[in-house]
Amino acid sequence: MSKIRITKQFNFETGHALYGYDGKCKNVHGHSYKLSVTVIGSPITDRSNVKFGMVIDFSDLKKIVKEEIVDQFDHATVFNETTPHIELANELKNRGHHVILVDYQPTSENMVIDFAKKIVARLPEGISLFSLKLQETESSFAEWYASDNL
1 MSKIRITKQF NFETGHALYG YDGKCKNVHG HSYKLSVTVI GSPITDRSNV KFGMVIDFSD
61 LKKIVKEEIV DQFDHATVFN ETTPHIELAN ELKNRGHHVI LVDYQPTSEN MVIDFAKKIV
121 ARLPEGISLF SLKLQETESS FAEWYASDNL
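In the working numbering, the protein residues as written are 1 to 150.
Keep in mind that the hints are not guaranteed to be accurate.
Dumping the calculated DSS-like pairs for lysine-lysine here, alpha-carbon to alpha-carbon at most 25 Å [unchecked claim]:
#1 Lys133 x Lys34
#2 Lys24 x Lys66
#3 Lys93 x Lys133
Cβ-Cβ distance ranges computed for the label pairs, FRET-style [claimed, not checked]:
#4 Thr83 x Val50: 16 to 24 Å
#5 Val70 x Ser147: 30 to 38 Å
#6 Cys25 x Lys62: 28 to 36 Å
#7 Lys62 x Ala146: 50 to 58 Å
#8 Lys34 x Val120: 17 to 25 Å
#9 Lys62 x Thr83: 30 to 38 Å
#10 Lys51 x His97: 38 to 46 Å
Because the hints were derived from the structure by calculation, they are not lab data. Heads up, the beta-carbon is just placed ideally off N, CA and C, and yes, glycines get one too.
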């Protein structure tokens with residue numbers, strides 16, 4: 001049976017700051033992120049299955065990514081909880097802002113690793129995460145490939 005890759009794209013707005021960074025990104029700022037999620041599997045061959053011919057229903061993939069990433073990160077500000085930014089994060093939380101604390105520097109590279117773990121944990125049997133592409137600007141992005149992470 002042929003293996004097929006399918007991709008769904010998502011958009012969300014997230015703020016962050018890179019504690020200790022030596023450039024402008026040490027300041028709190030935001031990005032209009034574009035996330036491309038590619039999974040791989042074989043199309044369903046059971047003619048009695050309502051998903052006959054699909055690797056995974058795009059709406060099922062959308063549900064996973066929305067719940068794990070988009071709904072969590074959209075219009076949130078992400079800070080590394082192991083830095084002095086925790087004080088700023090707590091102040092923002094106390095004022096009603098949506099803040100996410102992570103145990104890593106919230107770069108695109110580290111975020112895409114985090115996203116991969118979250119998505120992999122939710123995929124149905126027989127479907128594998130092939131790759132992720134997290135684009136933070138028109139010309140800058142980080143990519144995660146399963147083949148690089150065996």
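Given pair status - Lys66, Lys24, alpha carbons within 25 Å: violated (30 Å)
Falls inside 38 to 46 Å, the C-beta gap from Lys51 to His97? holds (40 Å)
Could you say whether the range 50 to 58 Å given as a hint is met by the Cβ separation of Lys62 and Ala146? violated (20 Å)
Thr83 and Val50, beta-carbon distance inside 16 to 24 Å? violated (48 Å)
Regarding Val70 and Ser147, is the given constraint of 30 to 38 Å on their beta-carbon distance met? violated (25 Å)
Between Lys93 and Lys133, does the CA-CA distance stay at or below 25 Å? violated (29 Å)
Between the beta carbons of Cys25 and Lys62, is the distance compatible with 28 to 36 Å? holds (30 Å)
Satisfaction of hint between Lys34 and Lys133, Cα-Cα up to 25 Å: holds (8 Å)
Quick check: does the Cβ-Cβ distance between Lys34 and Val120 fall within 17 to 25 Å? Holds, since Lys34 and Val120 (Cβ atoms, about 20 Å apart) stay within the stated range.
Using the Cβ atoms, figure out if Lys62 sits within 30 to 38 Å of Thr83. holds (33 Å)
Consistency note: the structure conflicts with the earlier hints numbered 2, 3, 4, 5, 7.
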